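Asker: Chains as they are written, first to last, in the numbering used here: chain X, 1 to 278; chain W, 279 to 631; chain L, 632 to 1068.
Everything labelled a hint here was simulated from the structure, so no lab data went into it. Small disclaimer: the values here were computed from a predicted structure and weren't measured. Among these hints, one or two may not hold up.
To be verified - Straight-line C-alpha distance at most 27 Å; calculated BS3-like pairs for lysine-lysine:
{"id": "1", "chain 1": "X", "residue 1": "K194", "chain 2": "W", "residue 2": "K407"}
{"id": "2", "chain 1": "L", "residue 1": "K950", "chain 2": "X", "residue 2": "K267"}
{"id": "3", "chain 1": "L", "residue 1": "K1065", "chain 2": "W", "residue 2": "K289"}
{"id": "4", "chain 1": "W", "residue 1": "K388", "chain 2": "X", "residue 2": "K267"}
{"id": "5", "chain 1": "X", "residue 1": "K194", "chain 2": "L", "residue 2": "K950"}
{"id": "6", "chain 1": "W", "residue 1": "K428", "chain 2": "W", "residue 2": "K388"}
{"id": "7", "chain 1": "W", "residue 1": "K380", "chain 2": "L", "residue 2": "K1065"}
Unchecked claim - For each label pair, taking beta carbons as the anchor points, the in silico distance ranges come out as:
{"id": "8", "chain 1": "X", "residue 1": "L134", "chain 2": "L", "residue 2": "L1052", "range": "31 to 37 Å"}
{"id": "9", "chain 1": "W", "residue 1": "S574", "chain 2": "L", "residue 2": "P973", "range": "22 to 28 Å"}
{"id": "10", "chain 1": "L", "residue 1": "P973", "chain 2": "X", "residue 2": "L84", "range": "42 to 48 Å"}
{"id": "11", "chain 1": "X", "residue 1": "F133", "chain 2": "L", "residue 2": "T822", "range": "23 to 29 Å"}
The beta carbon of each residue, even a glycine, is placed where N, CA and C say it ideally should be.
Listed here are the chains, written in short residue letters.
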Amino acid sequence: MSDKNSSNFKSWPVTLILGLFSVPLLVMYLYLFIDTFTNTAPGSLIPNELTFEHWRFLWETEPGTVSIWQVTLNTLIFASVMTLVILSVSLTAGYALSRLNMPFRRFFLAGVLTLHAFPTVTLVIALFIVLQFLGLYNTLIGVIFIKAALMLPFGIWVMKGFYDTVPWEIEMAGVQDGASRFMVWRLLVLPQIKPGLIALGVFSFLEGWSEYLMPQIFAPEADVQVLSVYLASLIADDQKFDFNLFKSIGLFYVLPVIVLYLVFQNKLMNIYGGGSKG
Amino acid sequence: MRILLDNFTKKFDDVMVINNMNLEVRDGEMMALLGPSGCGKSTTLFSICEIYQCNGGRILFGDRDVSNVTSQHRNVGVVFQNYALYPHMSIFDNIAFPLMVKKMPAEQIKKEVHKIAELVHIGDLLERKPSQLSGGQQQRVALSRALVRKPDVLLLDEPLANLDAKLRLEMRSEIRRIQQETGITAVLVTHDQVEAMSMCDRIALMDHGKILQVTTPNDMYHNPQTDFVAGFLGNPPIAFLDGVITNGQIQLKDSAIQLPLPSRVPVQPDGKIVRLGVRPEYFGNQAGIELQGQVSFVETQGRENLYDIRLGNGAVLRSIQPVRADAGLGDSVSWPLDTEQILIFDDQGQRVA
Amino acid sequence: MRQRIGLLGLGFMTPALVMVLVFFLIPVVMTAVFGFTNMGTATGISGGEYLLTPKIVKQLEIRGEFDKQSLTALSSNRYQVTEAGLAKAASDGLKSAYIQGLRDSLLGREYSSKRDFERALKKIKDRPRKVRALKKSAEYFSQSILNRRYLTDHEFKTALAATGVQLSATEFDQVLSASYTGWIWTTDNFTNMFSKPDTWVVAFNTLVYVLLVLAFNIGFGLFLALTTFYLPSGQSAFFRAVWLLPRISPPVLYVLLWKWLTWDTGFISTVLGWFGVPAFNYMLGSVGSAWAVVVLINGFVGASLGMILFSSAIQAIPKSILYASEVDGANRWQQVRYIILPQLRWPILFTTSYTTLSLLTSFEYILLSTEGGPGNTTNVWALEAYFTALNNYAGNLKYGYGAAMALVLVTLGVLVSLLYLRLFKFDELVARPKIEN
Chain X
1 MSDKNSSNFK SWPVTLILGL FSVPLLVMYL YLFIDTFTNT APGSLIPNEL
51 TFEHWRFLWE TEPGTVSIWQ VTLNTLIFAS VMTLVILSVS LTAGYALSRL
101 NMPFRRFFLA GVLTLHAFPT VTLVIALFIV LQFLGLYNTL IGVIFIKAAL
151 MLPFGIWVMK GFYDTVPWEI EMAGVQDGAS RFMVWRLLVL PQIKPGLIAL
201 GVFSFLEGWS EYLMPQIFAP EADVQVLSVY LASLIADDQK FDFNLFKSIG
251 LFYVLPVIVL YLVFQNKLMN IYGGGSKG
Chain W
279 MRILLDNFTK KFDDVMVINN MNLEVRDGEM MALLGPSGCG KSTTLFSICE
329 IYQCNGGRIL FGDRDVSNVT SQHRNVGVVF QNYALYPHMS IFDNIAFPLM
379 VKKMPAEQIK KEVHKIAELV HIGDLLERKP SQLSGGQQQR VALSRALVRK
429 PDVLLLDEPL ANLDAKLRLE MRSEIRRIQQ ETGITAVLVT HDQVEAMSMC
479 DRIALMDHGK ILQVTTPNDM YHNPQTDFVA GFLGNPPIAF LDGVITNGQI
529 QLKDSAIQLP LPSRVPVQPD GKIVRLGVRP EYFGNQAGIE LQGQVSFVET
579 QGRENLYDIR LGNGAVLRSI QPVRADAGLG DSVSWPLDTE QILIFDDQGQ
629 RVA
Chain L
632 MRQRIGLLGL GFMTPALVMV LVFFLIPVVM TAVFGFTNMG TATGISGGEY
682 LLTPKIVKQL EIRGEFDKQS LTALSSNRYQ VTEAGLAKAA SDGLKSAYIQ
732 GLRDSLLGRE YSSKRDFERA LKKIKDRPRK VRALKKSAEY FSQSILNRRY
782 LTDHEFKTAL AATGVQLSAT EFDQVLSASY TGWIWTTDNF TNMFSKPDTW
832 VVAFNTLVYV LLVLAFNIGF GLFLALTTFY LPSGQSAFFR AVWLLPRISP
882 PVLYVLLWKW LTWDTGFIST VLGWFGVPAF NYMLGSVGSA WAVVVLINGF
932 VGASLGMILF SSAIQAIPKS ILYASEVDGA NRWQQVRYII LPQLRWPILF
982 TTSYTTLSLL TSFEYILLST EGGPGNTTNV WALEAYFTAL NNYAGNLKYG
1032 YGAAMALVLV TLGVLVSLLY LRLFKFDELV ARPKIEN
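This is chain X alone, in the form it adopts within the complex (with noise of 0.2 Å):
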């Protein structure tokens, strides 16, 4: 609002009581900084010592586990291969649904409703099954497709929402003009939601990046492990619980979420919002 000082208002108590419940989470993620790039002796929070030595599982691989330049790119493939895979599908199948005359329409729309507000972690033992019939269990392209299709419903209603925003007389305008409907998807409505397109991929490639539990169940072996597999398997097996090597890794982990979060900042906040809307 913008009269913020209006008199019947004092601002103080809010900010105070919204300050203590913001400490936890404060103090969390400062010392996710503070103790990358420090040393701190037991019993104290105050760090005595500034090392780079958290963050020597960049150049060196301990024996018996995998290098975190394998991970990294591991989870890269599988959160770029999973957002081309969704941004393709609901591209054509959104478009489908705001735009296009067809057969069963009212019943795909009721069901990507339905499915966009289902639970898909019910499904992973089933699909685990699956997955070991195809004999893709374990493999990226395995857990690529199982996350992809969970987060189809969601895309498809998200890009149908983008569809929907483009007004129908530059459809008309376009047909009028001589072109077909194909044309007139691809030269006139495509650069239109461009804007959605990016929301919408950069929301996914988060999602992938982020994702813990699909990989953990579908693809947990080393070789095709993700940061996010690769990190809590290390931290369950550590006995030292070598926090300042975890939260290096973290950090290192976090990182391009935190840098595409700050880029992308408004248009995400549209998908957060918007996606679960409806």
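Starting from the known structure of chain X, fit chains W and L onto it as the hints suggest.
Answerer: Just chains W and L now, with coordinates in the frame of chain X:
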């Protein structure tokens, strides 16, 4: 090229919007589809260009039945209310789009686009993007794009509705000029009677999916077939009085006043209920039968004033005349009514004479 | 032409339809199907074979429905030199002189114990010198069906009949089904599920988990949306960014930070240590603190969804209404109570139903933090299904039982998401395309 709607019928699901409409737009003519919103005029327009499919009857361009020809092949140019320019393309590309789709050679496209741009006076805007243009300029671009591939028919859907008052005046004459210069057959959809009257050769007035009257603007103003047409056309609008035929004269309802029938009107049977339409310019200006009343409303219009005069029986007549000092709000006046110009309708609203 | 647009539409839909079919519809059906089987690591997921082991014989004996004698006969090891056995031995490359010797002196003879048979073998002239090889050669003539794999039930029945053990028809069938190693159709999963007390504990946990986290999400989300709306823009942007951090952080990292915060070597213990409080693992140390941590971990993530949705709903309220209410003398509380909250009814309803469904089925954050511990106290339904079917320490994965548990959630999910169709203005959504061709 002439357009002929032959028993044209349009339904949305089960809702009948237009039932058995017949209309002919002559070659080279500009025809207005005029009517209140929801009367089916846009539906008709969109059916002529096949954005909507026609559910019955035929649509002919010239002698060719195009009822089953797709939009892409009907060769119709359409200007939409919001212009529908392609925002990601330059003005040149916008205008070139219909030609590009036709796979015309680039050299020829360039020539055609420049030719049409000259005609529509936007030759210097071709490099810009639509968002950099004013409403009037966008309108011109939309016209150019519709005309560039030399369509058989030009359709205009409320083309002036999104413009401000001053631009609207300018574009009114511009569109008419371009239509006349190209000699194209055009259909204009509008709810604005002034637009229809000032731009078009003929007007088709529509209500509830039906055409009430098709004629020239002048004729429609002076010879409306129904009281709806009479009420729709004219600004300030016509005033209506109720009456009954008594002794060959018109006796106003709840009043002793008797008015003679206009001389052109044949004898009417006694007891017949009639509705009189009196246009504001025929009350208080010429000689005629003096009617007494009270000024109940005065609207200043600058050169002229509009007066509402409440008669003794409560009915209201409108008068438009040069500003006069003797008629303030609440004043009693006695002004002449030119009874020769009265329009007479029966109780069904049909014109008697 | 209408036909062709229909085809274009269907063509545009096809990739999506295929993926939805393979990864949604088939798995839903499969979950239902698997729920009625006893599939697991023990049975495999393809077909099985027949294998009668001494253990199974013992189990049959315990059932007490069998004649003792026939069971003993089943498990006894009988040897007989047959042409079939000889041929098998020959094809495996045993010396032909030895085989000839066996044929000449022992063909058709029966021995009721291994020792007797081996003793007989030792008398053959060209027998293998090594004792191991000799013992191995004896196995070609074993007539027992114990510890032998039969690929089809026909083979197994023939072998069973060939032992000569007298079995009644029911006994025969029981042996047959007890020796089958593959999966079978069964409703045991559901009867077991509802009779096990653990199930009800987990169900109760799930209820507590959903209610607490939901209350935190909605309540705190609302609080965040309202406060950030009224705070100066700098402050509100800061708090919004802070509360979005849990949502944009990868779950593994986010939970790692909570571990650092709550473990006995972590932040809270360190700070409290300065005041003499002993170090304590709040995540796993006690049931109460474990629940608190689980609720907070999920709640902090979920609150941001409420914050985003409610904030945009508040932003959508025309400013003039808010100004008008202030001119009318409403204080902030009255403004919130009478102007803003009524406008939020719909987003709150939506967020509540959406969050409920996703919480019911989510287990990622619990899996990463407490893993359902300490003991089984923070275990929830979806996590239990995951452990049962896909991941447990024993390594004995029960796909069938897990699928049965998941089926409960799938059914719930289908029902609730169909409810959404009612919540949304579906007819508006399916408004006809404006271009008819």
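Asker: Hint by hint, say whether it matches the structure.
Answerer: Status of each hint after checking the structure:
A distance of roughly 17 Å separates the Cα atoms of K194 of chain X and K407 of chain W; the hinted pair therefore holds under the 27 Å criterion. Pair hint K950 of chain L plus K267 of chain X holds up; C-alpha atoms about 24 Å apart against a cutoff of 27 Å. Pair hint K1065 of chain L plus K289 of chain W holds up; C-alpha atoms about 13 Å apart against a cutoff of 27 Å. Of the supplied pair hints, the one linking K388 of chain W and K267 of chain X is violated, its CA atoms being roughly 38 Å apart against a limit of 27 Å.
Proposed proximity of K194 of chain X and K950 of chain L is contradicted: the alpha carbons are some 31 Å apart, above 27 Å. As the CA atoms of K428 of chain W and K388 of chain W are separated by approximately 15 Å, the hinted pair is consistent with the 27 Å bound. Restraint check for K380 of chain W and K1065 of chain L: the C-alpha separation of about 24 Å stays at or below 27 Å, so the hint holds. A hinted range of 31 to 37 Å holds for the C-beta pair L134 of chain X and L1052 of chain L, which are about 32 Å apart.
At about 44 Å, the beta-carbon gap between S574 of chain W and P973 of chain L misses the expected band of 22 to 28 Å. At about 44 Å, the CB distance of P973 of chain L to L84 of chain X agrees with the hint of 42 to 48 Å. Between F133 of chain X and T822 of chain L the Cβ separation comes to about 28 Å, which falls inside the hinted range of 23 to 29 Å.
Going down the numbered hints, you'll see the structure goes against 4, 5 and 9, while the others check out.
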